[in-house]
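> Read left to right, the sequence shown gives residues 1 to 325 (UniProt numbering).
Hint data in this document are derived by calculation from the structure and do not stem from the laboratory.
Every residue gets a Cβ at the ideal spot worked out from N, C-alpha and C, and that includes glycine.
Hints may be right or wrong, so weigh each one.
Claimed, not checked - Computed beta-carbon distance windows for the label pairs:
id, residue 1, residue 2, range
1, Gln84, Gly241, 36 to 46 angstroms
2, Gly263, Ala303, 25 to 35 angstroms
3, Gly205, Arg256, 33 to 43 angstroms
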Amino acid sequence: MKAIVITSPGGAEVLKIQEVEEPQIGEDEVLVKVEATAVNRADTLQRQGGYPVPQGASPYLGLECSGTILSVGKNVTGWKIGDQVCALLSGGGYAEKVAIPAGQLLPIPHGVSLKDAASFPEVACTVWSTVFMTSKLSSGETFLIHGGSSGIGTFAIQIAKYLGVKVFVTAGNEEKLAVCKVLGADVCINYKTEDFVARVKEETGGKGVDVILDNVGGPYLQKNLDSLNIDGRLFIIGFMGGVSTQVNLVSMLAKRLTVQAAGLRGRSLENKALIVSEVQKNVWPAIAAGKVKPVVYKYLPLADAAEAHSIMESSIHIGKIMLVP
Numbered sequence: 001m002k003a004i005v006i007t008s009p010g011g012a013e014v015l016k017i018q019e020v021e022e023p024q025i026g027e028d029e030v031l032v033k034v035e036a037t038a039v040n041r042a043d044t045l046q047r048q049g050g051y052p053v054p055q056g057a058s059p060y061l062g063l064e065c066s067g068t069i070l071s072v073g074k075n076v077t078g079w080k081i082g083d084q085v086c087a088l089l090s091g092g093g094y095a096e097k098v099a100i101p102a103g104q105l106l107p108i109p110h111g112v113s114l115k116d117a118a119s120f121p122e123v124a125c126t127v128w129s130t131v132f133m134t135s136k137l138s139s140g141e142t143f144l145i146h147g148g149s150s151g152i153g154t155f156a157i158q159i160a161k162y163l164g165v166k167v168f169v170t171a172g173n174e175e176k177l178a179v180c181k182v183l184g185a186d187v188c189i190n191y192k193t194e195d196f197v198a199r200v201k202e203e204t205g206g207k208g209v210d211v212i213l214d215n216v217g218g219p220y221l222q223k224n225l226d227s228l229n230i231d232g233r234l235f236i237i238g239f240m241g242g243v244s245t246q247v248n249l250v251s252m253l254a255k256r257l258t259v260q261a262a263g264l265r266g267r268s269l270e271n272k273a274l275i276v277s278e279v280q281k282n283v284w285p286a287i288a289a290g291k292v293k294p295v296v297y298k299y300l301p302l303a304d305a306a307e308a309h310s311i312m313e314s315s316i317h318i319g320k321i322m323l324v325p
């Protein structure tokens, strides 16, 4: 089969399409013919050599996909050859075929094309596991999303609004903020021209928001703590701004704040299966109802993975960047 190979750690140009061996499936896995996959920030870090592949995972990039089941391991129940699925992956999506643990499979959401369905698994599992399962964001609360126009952000806005949450977002230009507004964001803040802490305080009567989802890391830590309400929860899922900072802990104690961080890729198969089942139960009905829609910036051929990575790293995109074998 064809797959994208990292020829050496480096820039986007190190991604090349090559003939490689087909994956062999285990007893609890299925083999899927890939219809589409998506580009995630983690892929760019892996390409640069900064994100080691988890033990036993595919060496190829790609943390989600959609496609059709070609074969089924002997222990797999509930899925059969010919089923159309989308899935959360530990790797391997940038290829024509991929082996997937059965617990990480999802049916194609009602009303969504097989191709567009590849835009959902990683963002849905990330947001649901962090913001809802762990931080317990609930109806009537307030929620700040940094990077509101990203794949994560565009999904998080929609699912939070569906669940009755007031949504704040930051983004770097007016075009991105306009899209966030259309998707349902209540308060849109241009972080380049405005102090988001002051705006959050202004919009909440000085209280702050209940939950923040952050992909910036170090430079935003103190600002995030200052932006939280009493019993507020900060969840960090990325370090685009850096990993180090100094912080005043007084507000954490005074406001009973919770700070957590987690990734998705390194979790156990059991934990991923739990998250996937919760996503199917809680998110898929919102998609079927048309309340959460795929936001796709561009589809590119798999062979153009280098261009897709360049777009991702430029941050000009809104929503997901997709690859099609």
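> Compare the structure with each hint and give your call.
Hint-by-hint comparison with the structure:
1. Gln84 <-> Gly241: 36 to 46 angstroms: Hint holds: Cβ distance 39 angstroms, inside 36 to 46 angstroms.
2. Gly263 <-> Ala303: 25 to 35 angstroms: The hinted range 25 to 35 angstroms holds for Gly263 and Ala303, with Cβ atoms some 29 angstroms apart.
3. Gly205 <-> Arg256: 33 to 43 angstroms: Since Gly205 and Arg256 have Cβ atoms about 19 angstroms apart, the given range 33 to 43 angstroms is violated.
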